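Participant: Chain E: place on chain L using the hints.
Which chain is which? The protein sequence lines are L and E, in order. Taking the working numbering, the leading residue of the first sequence gets 1, the next gets one more, and so forth. Taking the working numbering, the leading residue of the second sequence gets 1, the next gets one more, and so forth.
Incorrect hints may appear among the rest.
So the derived list for chain L, only partly shown, Cβ under 7 Å to chain E, looks like this [what the hints assert, rightly or not]:
| # | residue |
| --- | --- |
| 1 | M83 |
| 2 | R89 |
| 3 | A133 |
| 4 | Y134 |
In short, the hints are calculated from the structure, not lab data. Only a predicted model underlies this, so the values are computations on that prediction, with no experimental measurement involved. Cβ atoms here follow ideal geometry from the backbone N, Cα and C, with glycine treated the same way.
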Amino acid sequence: MSKGPHIQIRNVTRQFQVNGGSLTALDDVSLDVAEGEFVTIVGASGCGKSTLLRLGAGLDTTYKGAINHAGEPVDGPSLDRGMVFQEPRLFPWLTIERNIALGLENSGLPKGEKKALVEQHLELVGLTGFAKAYPHQLSGGMAQRAGIARGLVNRPNVLFLDEPFGALDAITKTRLQDELQEIWAKERITMVLVTHDVDEAVYLGDRVVIMSPRPGRIREIVPVGLPRPRVRTSAALVQVRNRVLDSLNNTTQPVPQQAARNIGESSPALRPVIAAVG
Amino acid sequence: MAAISETSGHAGPRFSWPSRKRIGIGLTAFILPVALLVLWWVASDRGWLAEQILPSPVFVYETARDMIASGEILYHTAVSLRRVVIGFAIGAALGLSLGVAMGLSERVEDYVKPLFLAFAQIPTLGWIPLLMLLVGIDETLKIIVIAKGALVPMALNTFTGIRNVSPRYLEVGHALRFSRWQRLRLIVLPGAVPSIFTGIRYGLTHSWTSLVGVELLASSEGLGYLLVWGRQMFWLDTVIVAMIAIGLVGFIMDKSLNNTETLIQRWKKGEA
Numbered sequence: 001m002s003k004g005p006h007i008q009i010r011n012v013t014r015q016f017q018v019n020g021g022s023l024t025a026l027d028d029v030s031l032d033v034a035e036g037e038f039v040t041i042v043g044a045s046g047c048g049k050s051t052l053l054r055l056g057a058g059l060d061t062t063y064k065g066a067i068n069h070a071g072e073p074v075d076g077p078s079l080d081r082g083m084v085f086q087e088p089r090l091f092p093w094l095t096i097e098r099n100i101a102l103g104l105e106n107s108g109l110p111k112g113e114k115k116a117l118v119e120q121h122l123e124l125v126g127l128t129g130f131a132k133a134y135p136h137q138l139s140g141g142m143a144q145r146a147g148i149a150r151g152l153v154n155r156p157n158v159l160f161l162d163e164p165f166g167a168l169d170a171i172t173k174t175r176l177q178d179e180l181q182e183i184w185a186k187e188r189i190t191m192v193l194v195t196h197d198v199d200e201a202v203y204l205g206d207r208v209v210i211m212s213p214r215p216g217r218i219r220e221i222v223p224v225g226l227p228r229p230r231v232r233t234s235a236a237l238v239q240v241r242n243r244v245l246d247s248l249n250n251t252t253q254p255v256p257q258q259a260a261r262n263i264g265e266s267s268p269a270l271r272p273v274i275a276a277v278g
Numbered sequence: 001m002a003a004i005s006e007t008s009g010h011a012g013p014r015f016s017w018p019s020r021k022r023i024g025i026g027l028t029a030f031i032l033p034v035a036l037l038v039l040w041w042v043a044s045d046r047g048w049l050a051e052q053i054l055p056s057p058v059f060v061y062e063t064a065r066d067m068i069a070s071g072e073i074l075y076h077t078a079v080s081l082r083r084v085v086i087g088f089a090i091g092a093a094l095g096l097s098l099g100v101a102m103g104l105s106e107r108v109e110d111y112v113k114p115l116f117l118a119f120a121q122i123p124t125l126g127w128i129p130l131l132m133l134l135v136g137i138d139e140t141l142k143i144i145v146i147a148k149g150a151l152v153p154m155a156l157n158t159f160t161g162i163r164n165v166s167p168r169y170l171e172v173g174h175a176l177r178f179s180r181w182q183r184l185r186l187i188v189l190p191g192a193v194p195s196i197f198t199g200i201r202y203g204l205t206h207s208w209t210s211l212v213g214v215e216l217l218a219s220s221e222g223l224g225y226l227l228v229w230g231r232q233m234f235w236l237d238t239v240i241v242a243m244i245a246i247g248l249v250g251f252i253m254d255k256s257l258n259n260t261e262t263l264i265q266r267w268k269k270g271e272a
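Chain L with its partners taken away, still in its complex shape (with noise of 0.2 Å):
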């Protein structure tokens, strides 16, 4: 491990041109990322998450303040840093195969490397006979799969994922949680996975930021400090999870002073739980 945070984010704002006005979709942000770590974030829509991942891959980069990645100013995309959208945004016209190649054709491997880099890949996320298909013939599981391998194929040492499982059922969403945990702890590389789902949150990261809207900012950073693997059920988790609830709510729900009060003051029961967030 290197001396010093992987990726820095220092008082960074950003701030978007809507209708003549400015919005600001990011307040003076700052978080720093372990090398190795897996960081989760996840606040409600709107409060910027997406927003900072993108700044943080370097989609993004009028911004003010500072990112730095190994120590580098952040000032475009790079191979170093991969990218997993929440459509998997295969290209329909290729196989799953050359959809995977596409993160190699900057590399500038010579051709047997990228073809063993892709076959390993699609093992590695359990695509092999899949190798020659094409994305409307994979599942919404297995097309995620593709686009996780695609970000991977490239050996970054940092991976930026964009509430990657969102759009699948509950079932695949668990099980592709369990086998993204599995190739982080085997390929060691740092993640920042964003997601409105508390439960993904905590049970993925090392550390879950909780982040509040309009404006954009961190209102939380709770350490999970428990082993892995771990229990999705397990009271520990239980409680860490009720943790970011908690602190989630009082996020989205910013009730007048006055009004708050005069209903814990008649009926502490009547007290809005709001548990869906996004």
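Facilitator: Chain E in isolation, oriented as in the chain L frame:
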């Protein structure tokens, strides 16, 4: 009709049409032509129209047979096809380049597109008087007119295809640090292929119809010429044979392009 009741009705037994399904699409396509043929036959048999205007199907069939046997119809078809192949190739190539240029560069679009759209509004046949004075009435005229017929749909569809390539795919290319050339080769062009194919099909249809138009006006051979000549001689049987040949060639061209398209774009089957 069957399709409407099938989709709007219940799945119950009353609304299923198994016998129709078994007939298949291949056969249903013949119902209308055969009906028209019968109508034609009855009309000429009963003398609803003078024989000079509407010859009997049997007579037309005999004429067609003779014209095929003598090689006459084949000769004229070959002449017309040759013109279309050359004209279409030129027009499609120019249209493709223009569409790509406008699609990729907003500056080219700003400079060229308004004029191009105005140009596209003038029907192909509307160019003929001016062109006749400029290049005469020889092959050059026909080639230019045919090329123009292909150019407009080709350029417009290519342009739209390129502009409609999903920004999500482009962002993947950005994340993978694609160069301009990689972006074009790996994302933009393959993404625009379906639309370009539509352009090719429309272009070919336009080429074919404008060919017949220009042959009507200035030609001494070709299927369009055959039409004019037949009318002048009052050989309506010849006219009808030529019309059938024109329709048939156009249909075959469109159909084979369609098949090529499905073959090339196997990935599209499920529509991503």
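Participant: Next, verify each hint and record whether it holds.
Facilitator: Hints versus structure:
At a threshold of 7 Å, the smallest CB-CB gap from M83 (chain L) to chain E is about 4 Å, leaving the interface hint in force. Below 7 Å, beta-carbon pairs count as interface contacts, and R89 (chain L) has one with chain E at about 5 Å; its hint therefore holds. For the restraint placing A133 (chain L) at the interface with chain E, the shortest Cβ-Cβ distance is roughly 10 Å, beyond the 7 Å limit, so the hint is violated. For Y134 (chain L), the shortest C-beta to C-beta distance to chain E is roughly 4 Å, which falls under 7 Å, so the interface hint holds.
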